[in-house]
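Knowing the structure of chain B, use the given hints to seat chain A on it.
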Amino acid sequence: MFFQLTDWFPVLLSLRVAIIAVFVVTCLGLPLSRLLARREFYGKDLVEAALTLPMVLPPSVIGYGLLMLIGKNGLLGRVLSELGISLIFTWWAAVLASTVVAFPLMYQSAKAAFKSVDENYEKAARTLGAGEWRIFFTITLPLAWPGIIAGLVLSFARALGEFGATLMVAGNIPGQTQTIPLAIYFAVDAGDNATAKTLVAIITVFSFAVIFWVNRWAKRRKY
Amino acid sequence: MLEMRFAKKLWHFALELELEIGNQILVLWGQSGAGKTTVLHCLAGLRKPSSGQIRLNRRVLYSSNERINIPTRSRNVGYLFQDYALFPHMTVHQNVLYGLQNKRNKKNGENGKNGPVTDPMEMLHSFGVGHLVDRYPAQLSGGEKQRVALARALVVQPELLLLDEPFSALDRENKIKLRQELKKLHRQWQIPFVLVSHDEEDASFLGDVILTLEKGQSRAH
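Protein sequences, first through last, are from chains B and A.
Everything in the first sequence is counted per the UniProt record's numbering, starting at 1 for the first residue and increasing by one.
Everything in the second sequence is counted per the UniProt record's numbering, starting at 1 for the first residue and increasing by one.
Fair warning: there could be bad hints in the mix.
Said to hold, decoys possible - Heads up, simulated BS3-like pairs for lysine-lysine below, C-alpha to C-alpha not over 30 Å straight-line:
(1) A:K103 x B:K123
(2) B:K115 x A:K177
(3) B:K44 x A:K48
(4) B:K123 x A:K175
(5) B:K123 x A:K177
As the list claims (entries may be wrong) - From the derived model, a few chain A residues whose C-beta atoms are all more than 10 Å from chain B:
(6) G130
(7) V156
(8) R172
(9) E173
(10) R179
Hints in this document: simulated from the structure, not taken from any laboratory.
Glycine is no exception: its CB is placed at the ideal position from the N, C-alpha and C atoms.
Here chain B stands alone, though its shape is the one from the complex:
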């Protein structure tokens, strides 16, 4: 048989990891990018460089950094182990790795989107009596929406495809931490071409469908 997949676990895990990572990235990225898009302060360039760094560093460097953080003797790892929690080599570590590498993509897209919203609209809303929260949800966010969608797609794709850092902090444990990219690599390594081919087909078709659908949907604007 040409396509063959005995274990659907990597597919489901990859989806779960990517969805949670995008959720976290959105919750952190939107407020931060909104805050930094219009505010100037001393040291802003340093903060921005730090926030963008995971995008340009090799995944193995991210993975090493995360090991230092959540490893058995890591800064956070020691605190967590006293609470009886161990993140390392669990699928939560894969979520963490995906979140870190996907964050800059969301941050950059959302910041550019917020910056592109004409400040006069926000000022006009203020003169009409709107509070800052209402302005954000009724003016700024809807007008920045296309750019934020782009950020969602990019960060989702990046999270779904995460390989290097995930391998270092979550390992390749079939049925526990093995995501699609890991499963593909180890299937090829083991000469199991049917499984590799099938997973490649699934992730390609799925990614294509998501981007196609989101682009169609973003175009559907009335104004």
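Okay, now just chain A, sitting in the frame of chain B:
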């Protein structure tokens, strides 16, 4: 009644104003870069003066001595932006309703009724744009946009209307028409209008009081 005595330091000069007007039209006239829009921003609370006091009717909007600076959303000041700033993702109707959905204006009566028209549809019809309610701003002409923006600013019953270069995007014919309409509108509403213009003809036609701004120096006549 609008009373303003304030100074605002800008990077190349300091702006100083001292003036009191009743329910009149004040025209701020001057070259571009003289700080006309800055004055409107200070009145609306979009920028903070360096020192002084601004009072509208009985309320102190800004006072450096008393450390009062009422935020824009609570000032009850209408603002017609130079580019109109109509929300592009909302229809004409949604634009005009936007202000009425804010807490300040929901409790009808707190602001009282300052003008002759309170109903949003009636307002749009009075400006001759009632048939455009379902259009988006991108589908309107310059003159239509301006009328919608005026309706949006007035429907929340402001106590003061600020107009930033209201004629700059209009052709001569439309401009003359709108100038007369503004004068009529002012008679109906009986609130102070502060209008920014660099055109001498506009200033002398509309202004009950004309304030000339030149590099921060102001001269009333």
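Now the hints, each set against the structure:
1. A:K103 x B:K123: Measuring from Cα to Cα gives roughly 17 Å; hence the hint holds.
2. B:K115 x A:K177: Distance of about 37 Å is beyond 30 Å: violated.
3. B:K44 x A:K48: holds (24 Å)
4. B:K123 x A:K175: Given that 30 Å is the threshold and the Cα spacing comes to 25 Å, the pair holds.
5. B:K123 x A:K177: holds (28 Å)
6. G130: Holds, since 20 Å exceeds 10 Å.
7. V156: violated (6 Å)
8. R172: holds (26 Å)
9. E173: holds (27 Å)
10. R179: A:R179 is indeed farther than 10 Å from all Cβ atoms of chain B, at 23 Å.
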